[in-house]
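Enquirer: The chain contents come next:
Protein chains: 2
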Amino acid sequence: MKRIIPFSRMDHAVAVILYGVLLIAGQAQAQTDPLSSWNEGAAKQAIVQFVQTVTEKSNPNYVAPEDRIATFDQDGTLWVEHPLYTQAIFELDRVRALAKDHPEWQTAEPFKSVLAGDKAAMARFGKEDWERIIGATQTGMTTEAFREIVRQWLTTAKHPRFQRPFTELIYQPMLEIMSYLRANGFKTYIVTGGGQEFVRVYSNRVYGVAPEQVVGSSMATKYEYQDGKPVLMILPKEFLVSDRAGKPIGINLFIGKRPYAAFGNADGDREMLEWTGAGEGARLKMLVLHDDAEREYAYGPAGGQPDTTVGRFSEELFAEAKNKGWVVISMKKDWKVVFPFER
Amino acid sequence: MKRIIPFSRMDHAVAVILYGVLLIAGQAQAQTDPLSSWNEGAAKQAIVQFVQTVTEKSNPNYVAPEDRIATFDQDGTLWVEHPLYTQAIFELDRVRALAKDHPEWQTAEPFKSVLAGDKAAMARFGKEDWERIIGATQTGMTTEAFREIVRQWLTTAKHPRFQRPFTELIYQPMLEIMSYLRANGFKTYIVTGGGQEFVRVYSNRVYGVAPEQVVGSSMATKYEYQDGKPVLMILPKEFLVSDRAGKPIGINLFIGKRPYAAFGNADGDREMLEWTGAGEGARLKMLVLHDDAEREYAYGPAGGQPDTTVGRFSEELFAEAKNKGWVVISMKKDWKVVFPFER
Chain V
1 MKRIIPFSRM
11 DHAVAVILYG
21 VLLIAGQAQA
31 QTDPLSSWNE
41 GAAKQAIVQF
51 VQTVTEKSNP
61 NYVAPEDRIA
71 TFDQDGTLWV
81 EHPLYTQAIF
91 ELDRVRALAK
101 DHPEWQTAEP
111 FKSVLAGDKA
121 AMARFGKEDW
131 ERIIGATQTG
141 MTTEAFREIV
151 RQWLTTAKHP
161 RFQRPFTELI
171 YQPMLEIMSY
181 LRANGFKTYI
191 VTGGGQEFVR
201 VYSNRVYGVA
211 PEQVVGSSMA
221 TKYEYQDGKP
231 VLMILPKEFL
241 VSDRAGKPIG
251 INLFIGKRPY
261 AAFGNADGDR
271 EMLEWTGAGE
281 GARLKMLVLH
291 DDAEREYAYG
301 PAGGQPDTTV
311 GRFSEELFAE
321 AKNKGWVVIS
331 MKKDWKVVFP
341 FER
Chain X
1001 MKRIIPFSRM
1011 DHAVAVILYG
1021 VLLIAGQAQA
1031 QTDPLSSWNE
1041 GAAKQAIVQF
1051 VQTVTEKSNP
1061 NYVAPEDRIA
1071 TFDQDGTLWV
1081 EHPLYTQAIF
1091 ELDRVRALAK
1101 DHPEWQTAEP
1111 FKSVLAGDKA
1121 AMARFGKEDW
1131 ERIIGATQTG
1141 MTTEAFREIV
1151 RQWLTTAKHP
1161 RFQRPFTELI
1171 YQPMLEIMSY
1181 LRANGFKTYI
1191 VTGGGQEFVR
1201 VYSNRVYGVA
1211 PEQVVGSSMA
1221 TKYEYQDGKP
1231 VLMILPKEFL
1241 VSDRAGKPIG
1251 INLFIGKRPY
1261 AAFGNADGDR
1271 EMLEWTGAGE
1281 GARLKMLVLH
1291 DDAEREYAYG
1301 PAGGQPDTTV
1311 GRFSEELFAE
1321 AKNKGWVVIS
1331 MKKDWKVVFP
1341 FER
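Residue numbers (the working numbering), protein chains in the order written: chain V, 1 to 343; chain X, 1001 to 1343.
In case anyone wonders, no lab produced these hints; they're calculated from the structure. Some hints here could point you the wrong way.
Dumping the calculated BS3-like pairs for lysine-lysine here, alpha-carbon to alpha-carbon at most 27 Å [to be verified]: (1) V:322 with X:1229; (2) X:1127 with V:237; (3) X:1237 with V:127; (4) V:222 with X:1237; (5) X:1229 with V:257; (6) V:257 with V:322; (7) X:1322 with V:229; (8) V:229 with X:1324; (9) X:1222 with X:1237; (10) X:1222 with V:222; (11) X:1222 with V:257; (12) X:1324 with V:257; (13) X:1257 with V:237.
Treat the numbers as computed from the prediction; the structure is a model and nothing was measured.
When you get a sec, could you build the whole thing from the sequences and use the hints?
Expert: This is the structure we're talking about:
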């Protein structure tokens, strides 16, 4: 019994209405390009072709839905990372906000340089300086207290050049890839060198990525009690550093599956793309090249300032990408718009 | 335009058929009890009432779908843990399998006692002994090699009493809770003191829990190359111990959300239940009590052998559960069947 209501019994008017509805629906579907902010070209083509390959059941490289994992670096891949990583700007703001309770910072580095606004000194900060800043601004409090501080900061802080909240400085074309992959059964993960607790505060709202799908660098925590209630205290001790080889390590730890698609923009993403590419079948590996000083920044190897320490994309990585067929996305040529607010 | 086809235009026969279809569908639904292996009682009632509370939009304790997180201990909560944790049996089997390549084990503890089958000595093994066994049997190989060994072992190993594969010795009533919660929008996680890499091999097949929803104890890994291909080498170094306070720590690390429901059976689950219960609104906390020597084992505080070191459920935990309203599940009284194969 395929049709309960025989078509022949409907009157003509109803049939005409039904036909009209179907016609409009069909047109709407045809007009919606899931990657509408992408110019036609090799990058867009690589994405579409990859998705068609892994979702077409008859294709030898078909991938079962439960294995469709895509991982995205955040800084410089999903949002702006220049002139400085957003979380570093947050940390410097926190140093200034907490300075009144720490008179000793006026004379002790690295705090002294931060409080003096000495940009030349800050540019020379090494690992140990940042560890001290992180220890002073992001540890010694509960996970809940930290999240609330981040939440508050995000509502007021603005990017120095764009004068907009940092969470608006996300890349529209990358949001479209995420949605497109999710619509095709992929689970999208953020795998960031940035702080896991930091990114989880806004990941769902900004990227549609649930907190449990954010893998990032983390500090050790301690289970203890405050007023009889259990809390997790953030300790001044690194737990996982999710950068370079720490990315495949974090992916294996948190997901336990090898990604089929990985997106990065810098030397810190090299191992994630290599790990992804070492799997069998069709694997999409893409790198965002920042070559658009006008709309965003230019600091890539193909004509920018390749010696930046913030999101460095080295000549070596560029050569390896060419060599291994990793797709390099030119921000300037491949993206119709950079930010959602440009549309 | 709500109804394109006016009901009045359908002929009588079609209406009768439609009515019949709806009637049968309604009856089928009413007859399917999602917790059919549970006897009527306080435990079953607590589960059903909790699910109704958090899924009913008009309820003040309604929980949005993205926050519906449930965490389950594995050993003794989802499957049999006596006379010894399954993974410990695996490790002892591995010692025997690898002994021919390690003549020095014949005279070196703890291997000597394992190879001699000295149960009294093995019962006295301390943390350091087990660390040595774990180091010798589960590290110094790639994650992929380890998984393959586990996969192989599971196909042949049998439980000493039940003479069935360990993956068949899972608790039917707990599988029903998992399915029931998932059908109501929950994400179900395993949070085990056992090895994360070990459990991920079979979690999807056995419990319907994806590998990325298994949080467990883990060893550190190192990213390196074998024949030019990247691998993750398992190091003889603990990374996360997901037991006691390590459970809420692992939950925060991997999920970043507080569970609304948590299930355990032993002192090692105490903090997970406490952490769950410290959240606002309706939170379900349940403990499986092993009080059924006939169908499984009896080692709970309410009449068994409470001094077991395998899945110890102490008098203190029992008192705390009573005090805080954590629901204790009596295997003997609450479960119609224990294992799926009994049905």
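Enquirer: Take the C-alpha atoms of residue 222 (chain V) and residue 1237 (chain X), compute the straight-line distance between them, and say whether it is at most 27 Å.
Expert: 20 Å, holds
Enquirer: Checking one constraint from the list: CA of residue 257 (chain V) to CA of residue 322 (chain V), max 27 Å. Satisfied?
Expert: 26 Å, holds
Enquirer: Does the alpha-carbon distance linking residue 1222 (chain X) and residue 1237 (chain X) stay inside the 27 Å limit?
Expert: Between residue 1222 (chain X) and residue 1237 (chain X) the Cα gap is close to 11 Å, so the pair holds against 27 Å.
Enquirer: For a C-alpha distance cap of 27 Å, please report whether residue 229 (chain V) and residue 1324 (chain X) respect it.
Expert: 13 Å, holds
Enquirer: Residue 1322 (chain X) and residue 229 (chain V) were given as a pair; does the straight-line alpha-carbon distance stay at or below 27 Å?
Expert: Measuring from Cα to Cα gives roughly 18 Å; hence the hint holds.
Enquirer: With a cut-off of 27 Å on the C-alpha distance, tell me whether residue 1222 (chain X) and residue 222 (chain V) pass.
Expert: 25 Å, holds
Enquirer: Given the hint that residue 1257 (chain X) pairs with residue 237 (chain V), test it: the Cα-Cα distance must not exceed 27 Å.
Expert: 22 Å, holds
Enquirer: Quickly compare the C-alpha distance for residue 1127 (chain X) and residue 237 (chain V) to 27 Å and report which way the hint goes.
Expert: 25 Å, holds
Enquirer: Straight-line Cα separation of residue 1237 (chain X) and residue 127 (chain V) no greater than 27 Å?
Expert: 25 Å, holds
Enquirer: Given the hint that residue 1222 (chain X) pairs with residue 257 (chain V), test it: the Cα-Cα distance must not exceed 27 Å.
Expert: The hint holds at about 16 Å.
Enquirer: Would the hint linking residue 322 (chain V) and residue 1229 (chain X) be met if the CA-CA limit is 27 Å?
Expert: Roughly 18 Å separates the two Cα atoms, so the pair holds.
Enquirer: Could you grab the alpha-carbon distance between residue 1324 (chain X) and residue 257 (chain V) and see if it respects the 27 Å cut-off?
Expert: 39 Å, violated
Checked against the numbered hints above, the structure violates only hint 12.
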